[in-house]
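Protein chains: 2
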Amino acid sequence: MTTPLKVALLGCGTVGSDVLRLLEDQSGDLAARIGRPVEVAGVAVRRPDRHPDVPAALLTTDAEALVTRPDVDLVVEVIGGIEPARSLLMAAFEAGKSVVSANKALLADDGSALHAAAAKAGVDLYYEAAVAGAIPLLRPLRESLAGDQLRRVVGIVNGTTNYILSRMAETGHGFTEALAEATELGYAEADPTADVDGFDAAAKAAILASLAFHTEVTAADVYREGISAVTATDVARAAEIGCTVKLLAICERVTADDGDAASDSVAVRVHPAMIPTTHPLAAVGGAFNAVFVEAEAAGQLMFYGQGAGGRPTASAVLGDLVAVARNRVAGVAGPGVTTYAGLPARPIAETPTRYHVSLDVADKPGVLATVAQEFARHGVSIATVRQDGHGDAATLVIVTHSAPDAALSATVAALREMPAVRGVTSILRVEGLS
Amino acid sequence: MTTPLKVALLGCGTVGSDVLRLLEDQSGDLAARIGRPVEVAGVAVRRPDRHPDVPAALLTTDAEALVTRPDVDLVVEVIGGIEPARSLLMAAFEAGKSVVSANKALLADDGSALHAAAAKAGVDLYYEAAVAGAIPLLRPLRESLAGDQLRRVVGIVNGTTNYILSRMAETGHGFTEALAEATELGYAEADPTADVDGFDAAAKAAILASLAFHTEVTAADVYREGISAVTATDVARAAEIGCTVKLLAICERVTADDGDAASDSVAVRVHPAMIPTTHPLAAVGGAFNAVFVEAEAAGQLMFYGQGAGGRPTASAVLGDLVAVARNRVAGVAGPGVTTYAGLPARPIAETPTRYHVSLDVADKPGVLATVAQEFARHGVSIATVRQDGHGDAATLVIVTHSAPDAALSATVAALREMPAVRGVTSILRVEGLS
Numbered sequence: 001m002t003t004p005l006k007v008a009l010l011g012c013g014t015v016g017s018d019v020l021r022l023l024e025d026q027s028g029d030l031a032a033r034i035g036r037p038v039e040v041a042g043v044a045v046r047r048p049d050r051h052p053d054v055p056a057a058l059l060t061t062d063a064e065a066l067v068t069r070p071d072v073d074l075v076v077e078v079i080g081g082i083e084p085a086r087s088l089l090m091a092a093f094e095a096g097k098s099v100v101s102a103n104k105a106l107l108a109d110d111g112s113a114l115h116a117a118a119a120k121a122g123v124d125l126y127y128e129a130a131v132a133g134a135i136p137l138l139r140p141l142r143e144s145l146a147g148d149q150l151r152r153v154v155g156i157v158n159g160t161t162n163y164i165l166s167r168m169a170e171t172g173h174g175f176t177e178a179l180a181e182a183t184e185l186g187y188a189e190a191d192p193t194a195d196v197d198g199f200d201a202a203a204k205a206a207i208l209a210s211l212a213f214h215t216e217v218t219a220a221d222v223y224r225e226g227i228s229a230v231t232a233t234d235v236a237r238a239a240e241i242g243c244t245v246k247l248l249a250i251c252e253r254v255t256a257d258d259g260d261a262a263s264d265s266v267a268v269r270v271h272p273a274m275i276p277t278t279h280p281l282a283a284v285g286g287a288f289n290a291v292f293v294e295a296e297a298a299g300q301l302m303f304y305g306q307g308a309g310g311r312p313t314a315s316a317v318l319g320d321l322v323a324v325a326r327n328r329v330a331g332v333a334g335p336g337v338t339t340y341a342g343l344p345a346r347p348i349a350e351t352p353t354r355y356h357v358s359l360d361v362a363d364k365p366g367v368l369a370t371v372a373q374e375f376a377r378h379g380v381s382i383a384t385v386r387q388d389g390h391g392d393a394a395t396l397v398i399v400t401h402s403a404p405d406a407a408l409s410a411t412v413a414a415l416r417e418m419p420a421v422r423g424v425t426s427i428l429r430v431e432g433l434s
Numbered sequence: 001m002t003t004p005l006k007v008a009l010l011g012c013g014t015v016g017s018d019v020l021r022l023l024e025d026q027s028g029d030l031a032a033r034i035g036r037p038v039e040v041a042g043v044a045v046r047r048p049d050r051h052p053d054v055p056a057a058l059l060t061t062d063a064e065a066l067v068t069r070p071d072v073d074l075v076v077e078v079i080g081g082i083e084p085a086r087s088l089l090m091a092a093f094e095a096g097k098s099v100v101s102a103n104k105a106l107l108a109d110d111g112s113a114l115h116a117a118a119a120k121a122g123v124d125l126y127y128e129a130a131v132a133g134a135i136p137l138l139r140p141l142r143e144s145l146a147g148d149q150l151r152r153v154v155g156i157v158n159g160t161t162n163y164i165l166s167r168m169a170e171t172g173h174g175f176t177e178a179l180a181e182a183t184e185l186g187y188a189e190a191d192p193t194a195d196v197d198g199f200d201a202a203a204k205a206a207i208l209a210s211l212a213f214h215t216e217v218t219a220a221d222v223y224r225e226g227i228s229a230v231t232a233t234d235v236a237r238a239a240e241i242g243c244t245v246k247l248l249a250i251c252e253r254v255t256a257d258d259g260d261a262a263s264d265s266v267a268v269r270v271h272p273a274m275i276p277t278t279h280p281l282a283a284v285g286g287a288f289n290a291v292f293v294e295a296e297a298a299g300q301l302m303f304y305g306q307g308a309g310g311r312p313t314a315s316a317v318l319g320d321l322v323a324v325a326r327n328r329v330a331g332v333a334g335p336g337v338t339t340y341a342g343l344p345a346r347p348i349a350e351t352p353t354r355y356h357v358s359l360d361v362a363d364k365p366g367v368l369a370t371v372a373q374e375f376a377r378h379g380v381s382i383a384t385v386r387q388d389g390h391g392d393a394a395t396l397v398i399v400t401h402s403a404p405d406a407a408l409s410a411t412v413a414a415l416r417e418m419p420a421v422r423g424v425t426s427i428l429r430v431e432g433l434s
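Note that the protein sequences, when read in sequence, are chains A and B.
Numbering-wise (full-length UniProt numbering), the first sequence opens with residue 1 and increments by one.
Numbering-wise (full-length UniProt numbering), the second sequence opens with residue 1 and increments by one.
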């Protein structure tokens, strides 16, 4: 009970500082829960002078020396980014250290190699904080639902874009104004690309899909569209059909047409979509995250909480730290991640989706028939149509049934060329309609 | 990889049958996830003739012989109730078997003794299915949040009462009619006592509180009120103040007045309460369950899903089975449950709560002052008052601030004796108001 477990902390930004604070504040509880006290062996940072709150004796710029130090048991990595994080984690595994990471980009890029290195060394790799901040999500997927077959994981996993879309809906503003407001309030970073272009959500989607489907999925396998093209008109059109616009990360197991489970594939995508206001995800506002899970036996589940922020993320890091530390005390490693299913990634073109399309058309006989024929010609079935005339023009609002994405985008391309169509005013995918 | 792990199944009702079915349907996936195939060694039932779907060679009435059979690795208990389940689990632990149980009554009654027996034998005891069916909840509490301090766990954990209260709100019916409807539709059992009187929810609350606060809490420590006294008037009054009535299981860590964490206590209670319709739990309708968790660092979290039913519960059982089986393959036991905190249970009388009280009073000068004085005399602060006159009578609707429950109930008792008070038409606790 008395020999402390020693932790190397890599990075000491917002999350790292809160990890240090919680380790100190809760040292008694952590020791009781783990069976041994936990002690910080060192904190690797680039600029030691910027961390006056951390005891100088702990600070080091030599992260590699820290992770391989013989007295270090566990490594907590909150640097982010691919390198040097990747090399440091590999060095830690080779040196027999277990790792807790919050690094979504790295896990989404190279998760399988990292898991393999951890398994080879007989140590743990946990990363609950990498997806949806404090929400316990990866452990439920890895363990609680390990006896079930997952069908879909649909989540709002990026707080910045959710805030921007929420504000667009509330104010009627366009994307540019809403982004400016988010930046001013600190909800968006100075360079918002990773968030608004969907890179952050795509990395999280890759991690979720890997765990949900026991299949290696990397960020490169994820179809990605951000929210910068979402217009005030899209948001208004969504409201007219009882929907709201959200940036969704969608991981689906798609059953082949022949119904043979062996031909199943995995479709993983991030894009804005209209969802009904009655859908549980529709009410998730501002910087909150929520993830909706559908499993064969468990049915529908939802997980909700804070997706970012120093303390929520640090809570997830410490939860993993307790698990990894308990395993270390017991002299074991926890269950690894399996990718035995090896399901192929289905390209977006072949992925079944539904579209909402708003058109300005000439209000004269035969236009609706011509438009409807164009959908039919591409094998796309129409679910609902609303036509509103105004003078010699009319607005057509069409929601399709599910069809391969390529057929839908080809239909829209063809509509744009039709003389009777004066403009395509809004196109967005639709999710969650029954 | 080839030697199968052998599972003894105790009980083969709704959940047990679905466990058998899922074990068969997913045998390939389970083997890949565990690292070894899983095989059913036997199924203990009272009446073998009632299970024509189970191969006769597997059926036995001798549950004790089954759990101690040398070839059995894991025991799944879905009998329910205290005995013989308790003795069978103890026998299983003594024989070195790990156990997965769905038995809330037993875990709430004697969880510590069972955990101690499992720890002594170096085997696992998991019971995710005992609370909130398919919702991954106990594992997040045990593990994901193990690095945090939990403040509150508030849940809708009984589908039958939630269905009844939802129907009362929708139809304006009283408890008796709504119960009759629930019974007819199969949402309530022929003897609905365990559900409507809150015993089921109290057992779950005890389990949640034990895990959340690292403290031994049994069903006997839980204050319990069912929903049979909830009237149509209560439900209508709730709607008038923007609330809805739910049966809540509430587990709180109460900080002592001196602010010393060492004097903290745990208050665990089950009772109907008004909650604002804007609260995340308010929208949880019908037979769904949801649990709201507040932690120091993680902030607010919510878990939502199906709380009962054969397949959802079987999914939770199988998730535990995979965890226990993986540990068995690795030759280890997972982390046990700690009760190191040993926080005392706070009696309901000393637990801070808020009340809603509706009174019919004589509409004459001084009545409001007299009523208000009665609250003040008991040290209860009033948050809001609404007075509506009608003829010579008036309705007073009062919502209090937080005060010890004993002070509130003493206030209500005193109000009933006041000549100016013609009747107390509705009293319910209020939760979730800011």
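A couple of the hints might just be wrong.
To be verified - Result set (SDA-like, lysine to any residue): computed pairs, CA atoms no more than 20 Å apart in a straight line:
id	chain 1	residue 1	chain 2	residue 2
1	A	Lys120	A	Gly331
2	A	Lys120	B	Gly336
3	A	Lys6	A	Ala95
4	A	Lys364	A	Pro419
5	B	Lys364	B	Ala394
6	A	Lys120	B	Gly331
7	B	Lys120	A	Val329
8	B	Lys120	A	Gly35
9	B	Lys120	B	Gly336
10	B	Lys120	B	Thr68
11	A	Lys120	B	Ala394
12	B	Lys6	B	Asp49
13	A	Lys6	A	Val329
14	A	Lys6	A	Pro37
15	A	Lys6	A	Asp109
16	A	Lys6	A	Ser27
17	A	Lys120	B	Val332
18	A	Lys6	A	Leu59
19	A	Lys120	B	His214
20	B	Lys120	A	Ala330
21	B	Lys6	B	Thr60
22	B	Lys120	B	His214
23	B	Lys120	A	Gly331
24	A	Lys364	A	Val424
25	A	Lys6	A	Ala333
To be verified - Ranges of calculated distance between the beta carbons of each label pair, as one might list FRET restraints:
id	chain 1	residue 1	chain 2	residue 2	range
26	B	Ile382	A	Ala239	53 to 63 Å
27	A	Asp191	B	Ala406	52 to 62 Å
28	A	Ala283	B	Asp388	29 to 39 Å
29	B	Pro52	A	Asp25	58 to 68 Å
These are computed hints drawn from the structure, not numbers from a lab.
Each residue gets a CB set at the ideal place from its N, CA and C atoms; glycine is no exception.
Structure-based check of each hint:
Between lysine 120(A) and glycine 331(A), the direct Cα distance comes to roughly 15 Å. Compliance with the 20 Å bound is thereby established for this hinted pair. At roughly 26 Å between alpha-carbon atoms, lysine 120(A) and glycine 336(B) are farther apart than 20 Å, so this suggested pair is violated. The hinted pair formed by lysine 6(A) and alanine 95(A) meets the criterion: a straight-line CA distance of about 14 Å does not exceed 20 Å. Of the pairs offered as hints, the one joining lysine 364(A) and proline 419(A) holds, with about 12 Å between alpha carbons and a cut-off of 20 Å not exceeded.
Restraint check: the Cα-Cα separation between lysine 364(B) and alanine 394(B) comes to about 9 Å, which is no more than 20 Å; the hinted pair holds. In summary, the hint linking lysine 120(A) to glycine 331(B) is supported, as the alpha carbons are separated by about 18 Å, within the 20 Å threshold. In summary, the hint linking lysine 120(B) to valine 329(A) is supported, as the alpha carbons are separated by about 17 Å, within the 20 Å threshold. Among the hinted pairs, lysine 120(B) with glycine 35(A) is consistent with the structure: their alpha-carbon atoms are about 16 Å apart, no more than 20 Å.
As the CA atoms of lysine 120(B) and glycine 336(B) are separated by approximately 11 Å, the hinted pair is consistent with the 20 Å bound. Between lysine 120(B) and threonine 68(B) the CA atoms are separated by roughly 17 Å; this keeps the pair inside 20 Å, and the hint holds. Of the pairs offered as hints, the one joining lysine 120(A) and alanine 394(B) is violated, with about 76 Å between alpha carbons and a cut-off of 20 Å exceeded. Taking the CA atoms of lysine 6(B) and aspartate 49(B), the gap is near 24 Å; set against the 20 Å cutoff, the hint is violated.
The suggested pairing of lysine 6(A) with valine 329(A) holds, with an alpha-carbon distance near 12 Å, which does not exceed 20 Å. A threshold of 20 Å between alpha carbons decides the hint, and for lysine 6(A) with proline 37(A) the separation of about 9 Å falls inside it, so the pair holds. Proposed proximity of lysine 6(A) and aspartate 109(A) is contradicted: the alpha carbons are some 28 Å apart, above 20 Å. Between lysine 6(A) and serine 27(A) the CA atoms are separated by roughly 13 Å; this keeps the pair inside 20 Å, and the hint holds.
Of the pairs offered as hints, the one joining lysine 120(A) and valine 332(B) holds, with about 18 Å between alpha carbons and a cut-off of 20 Å not exceeded. Taking the CA atoms of lysine 6(A) and leucine 59(A), the gap is near 15 Å; set against the 20 Å cutoff, the hint holds. With a CA separation close to 34 Å, the supplied pair lysine 120(A) and histidine 214(B) exceeds the 20 Å bound. The suggested pairing of lysine 120(B) with alanine 330(A) holds, with an alpha-carbon distance near 14 Å, which does not exceed 20 Å.
Of the pairs offered as hints, the one joining lysine 6(B) and threonine 60(B) holds, with about 15 Å between alpha carbons and a cut-off of 20 Å not exceeded. Restraint check for lysine 120(B) and histidine 214(B): satisfied, since their Cα atoms lie roughly 19 Å apart, inside the 20 Å limit. For the given pair, lysine 120(B) sits about 18 Å from glycine 331(A) by alpha-carbon distance, which is consistent with the 20 Å threshold. With a CA separation close to 17 Å, the supplied pair lysine 364(A) and valine 424(A) stays within the 20 Å bound.
A hinted pair counts as satisfied when its Cα atoms are at most 20 Å apart, and lysine 6(A) with alanine 333(A) qualifies at roughly 17 Å. Between isoleucine 382(B) and alanine 239(A) the Cβ separation comes to about 40 Å, which falls outside the hinted range of 53 to 63 Å. At about 58 Å, the beta-carbon gap between aspartate 191(A) and alanine 406(B) stays in the expected band of 52 to 62 Å. A hinted range of 29 to 39 Å for the beta carbons of alanine 283(A) and aspartate 388(B) is consistent with their spacing of about 32 Å.
Taking 58 to 68 Å as the suggested C-beta distance range, the pair proline 52(B) and aspartate 25(A) conforms, at roughly 59 Å.
Consistency with the previously given hints fails for numbers 2, 11, 12, 15, 19 and 26, ordered from lowest to highest.
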